[in-house]
Amino acid sequence: MTTKHSAHKLALSLTAAIMAAGGAQAYEVPLTSISSNMPPVDFHGFVSQGLLASSQYNYLTPNTKDVSTEFFEAGLNASMNPFPHTRITAQAFTYDIGDVGKYDLVLDYASVEYTFNDAFGVRAGRIRRPEGIYNDIQDVDLARTSILLPQGVYDARWRDFYVAIDGADLFGTISLAKAGSLSYDVYGGYINPSMDGGVAQLLRNQLPSFIALNSLDSDPEFGGQLWWNTPINGLRLGVAGGGVLPFNFTTTIQTPGGPIHPDNRSDVIFQHYSAEYLWKAWTFQAEYLTYSLYPYAAGQSATHIDSWYGSAAYRFNKWFELGGYYTEYYGDMDHRDNSLTFQKDLALSLRFDPKPWWVFKVEGHYIRGTGLLDDNADNPPAQQNSDGWFMLAVKTTFSF
Amino acid sequence: MKSFSLKLGLLCLVLGASSFRALALDGAVVIANSSVAADSLSADALKDIYTAKTKYWDGGQAIIIAVLPDKTDAALQQASGMEASAFKTFWQRLAFSGRGSEPKKADDATALVALVASTKGAIAIVPADAVLTGVKKIEIK
Numbered sequence: 001m002t003t004k005h006s007a008h009k010l011a012l013s014l015t016a017a018i019m020a021a022g023g024a025q026a027y028e029v030p031l032t033s034i035s036s037n038m039p040p041v042d043f044h045g046f047v048s049q050g051l052l053a054s055s056q057y058n059y060l061t062p063n064t065k066d067v068s069t070e071f072f073e074a075g076l077n078a079s080m081n082p083f084p085h086t087r088i089t090a091q092a093f094t095y096d097i098g099d100v101g102k103y104d105l106v107l108d109y110a111s112v113e114y115t116f117n118d119a120f121g122v123r124a125g126r127i128r129r130p131e132g133i134y135n136d137i138q139d140v141d142l143a144r145t146s147i148l149l150p151q152g153v154y155d156a157r158w159r160d161f162y163v164a165i166d167g168a169d170l171f172g173t174i175s176l177a178k179a180g181s182l183s184y185d186v187y188g189g190y191i192n193p194s195m196d197g198g199v200a201q202l203l204r205n206q207l208p209s210f211i212a213l214n215s216l217d218s219d220p221e222f223g224g225q226l227w228w229n230t231p232i233n234g235l236r237l238g239v240a241g242g243g244v245l246p247f248n249f250t251t252t253i254q255t256p257g258g259p260i261h262p263d264n265r266s267d268v269i270f271q272h273y274s275a276e277y278l279w280k281a282w283t284f285q286a287e288y289l290t291y292s293l294y295p296y297a298a299g300q301s302a303t304h305i306d307s308w309y310g311s312a313a314y315r316f317n318k319w320f321e322l323g324g325y326y327t328e329y330y331g332d333m334d335h336r337d338n339s340l341t342f343q344k345d346l347a348l349s350l351r352f353d354p355k356p357w358w359v360f361k362v363e364g365h366y367i368r369g370t371g372l373l374d375d376n377a378d379n380p381p382a383q384q385n386s387d388g389w390f391m392l393a394v395k396t397t398f399s400f
Numbered sequence: 001m002k003s004f005s006l007k008l009g010l011l012c013l014v015l016g017a018s019s020f021r022a023l024a025l026d027g028a029v030v031i032a033n034s035s036v037a038a039d040s041l042s043a044d045a046l047k048d049i050y051t052a053k054t055k056y057w058d059g060g061q062a063i064i065i066a067v068l069p070d071k072t073d074a075a076l077q078q079a080s081g082m083e084a085s086a087f088k089t090f091w092q093r094l095a096f097s098g099r100g101s102e103p104k105k106a107d108d109a110t111a112l113v114a115l116v117a118s119t120k121g122a123i124a125i126v127p128a129d130a131v132l133t134g135v136k137k138i139e140i141k
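If you're matching them up, the sequences are chains A and B in order. For the first sequence, this note's numbering gives the first residue as 1, with consecutive numbering after it. For the second sequence, this note's numbering gives the first residue as 1, with consecutive numbering after it.
In case anyone wonders, no lab produced these hints; they're calculated from the structure. Virtual Cβ for every residue (Gly too), placed ideally from N, Cα, C. You may find that some hints are simply not true.
With a straight-line Cα cutoff of 16 Å, these simulated EDC-like cross-link-like pairs (lysine to aspartate or glutamate) come out [what the hints assert, rightly or not]:
no. : chain 1 : residue 1 : chain 2 : residue 2
1   : A       : K344      : A       : D306
2   : B       : K105      : A       : D42
3   : A       : K178      : B       : D48
4   : A       : K178      : B       : D44
5   : B       : K53       : A       : D306
6   : A       : K355      : B       : D44
7   : A       : K318      : B       : D44
8   : B       : K120      : A       : D42
9   : B       : K104      : A       : D42
10  : B       : K47       : A       : D306
11  : A       : K355      : B       : D26
12  : A       : K280      : B       : D73
To be clear about the criterion: a stretch of chain B counts as covered by chain A if any three or more of its residues have a C-beta under 8 Å from a C-beta of chain A, and this derived list gives those stretches [said to hold, decoys possible]:
no. : stretch
13  : 31-42
14  : 73-83
15  : 122-134
Start from the sequences, fold in the hints, and give me the full structure.
Have a look at this one:
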């Protein structure tokens with residue numbers, strides 16, 4: 001706990017430093033002291049601090065009912081173009097949301113990118129994984145209207161599982177002349193889920209008390225994202241698909257005959273469909289995500305999950321934007337009427353941009369169902385019901 | 001059937017018109033650093049630059065976009081197809097996902113021209129009455 005508080009103090013100090021810098025500008029550092037031929041390095045960063053308060057459940061944090069400030073993100077990145085067609089970039093990141101993240105400092109991405117032409121490029125290293133509108137930027141608060149993205153599609157606690165892979169990505173944009181263009185990404189690599197991450201939390205929550213979670217494997221993931229940038233200005237349609245083959249974690253069951261390590265492997269297959277339309281000061285978005293888990297162990301049946309949302313946002317002027325979305329999540333597509341496994345959320349967001357480098361947001365949620373709580377210790381299942389409940393989110397972000 | 005053919009014809013006409021559009025920027029011109037070889041760009045090529053589909057000049061030099069917030073928003077929208085706030089968000093998404101660098105910002109036209117003049121590969125939209133010193137004007141066809 002002391003470590004966590006120290007990390008929080010460090011994070012707040014970083015916030016103060018950025019505020020003091022008052023930086024609407026990115027920082028550019030010339031490397032002429034190293035070599036007169038070295039190109040400059042661009043630095044960008046952000047710090048976000050939020051607050052969550054719920055009328056009924058401890059959602060996302062163990063203390064949401066009592067108002068929680070365990071809702072923090074910060075990132076600092078650097079990039080440069082050292083050679084023709086070549087770009088190097090890296091970002092350090094830390095976050096905390098409830099019991100997840102815990103201010104662990106992680107290398108978020110670090111990659112080398114070579115662009116042969118508009119139609120074909122390759123990047124390799126630790127890369128953010130493109131999926132849908134928001135996967136590779138789901139923790140960048142300043143790049144959207146809402147505070148919380150629709151959680152069935154972009155769970156704020158799962159970033160260690162979703163966001164990045166160690167591998168490579170082939171990308172490009174192919175002109176279709178009068179029909180617009182196609183932007184594609186095809187990637188493969190390894191995920192690095194953390195024992196402090198949301199998947200680990202979910203597994204601990206689901207496993208019986210006599211089964212201990214030991215580790216999460218670094219598993220191979222393959223997939224792709226295709227966007228059709230239609231001839232209608234501002235309209236793009238996307239489809240993504242892929243899988244973790246297999247997802248694996250190790251557990252131990254203590255028995256009188258000694259410890260047992262069951263086979264926990266599952267293939268995870270997902271499909272993700274997206275539409276986004278920017279029209280004048282409006283932004284309209286809709287997405288549908290479905291994924292299935294296919295266990296290797298005999299006798300275990302597959303699990304099918306899906307979620308969708310529709311959203312609209314309107315920018316009134318430079319400093320104010322209003323948005324809202326409705327989303328549904330079904331943790332068991334075969335039982336859509338079970339409030340313990342579904343969650344439906346109507347959200348209204350107010351975004352203020354007092355300065356180019358400062359964003360302040362307030363957001364209200366009316367939620368039915370408890371399918372995404374994933375925290376039975378702080379929300380005993382016997383006390384969960386299908387009644388509607390409210391949640392308030394407040395967040396501020398400083399960036400440069 | 002006749003009605004369907006008519007609609008299809010109209011759709012092709014609209015799509016065709018959109019891909020061969022000429023671009024006149026409201027009260028603004030496009031400039032670039034003198035290291036940039038190009039003297040002219042098509043409207044579509046300019047849009048590809050401002051929407052990150054094209055990130056390098058011929059020869060591989062990185063394209064650095066520079067902007068003048070608030071003062072050339074209308075022209076920026078014509079070039080990119082996005083309102084100023086959407087344009088900013090678009091580039092923030094790229095910057096923080098490791099896929100691009102945010103445009104550099106200047107406080108006034110003089111500073112923007114100076115920024116473009118001193119930054120290899122830079123391109124910018126500046127007010128038409130700006131004094132263009134040390135930069136080249138790019139014709140948009």
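Original post:
So which of those numbered hints doesn't the model satisfy?
Top reply: 5, 6, 7, 10, 11, 13 and 15
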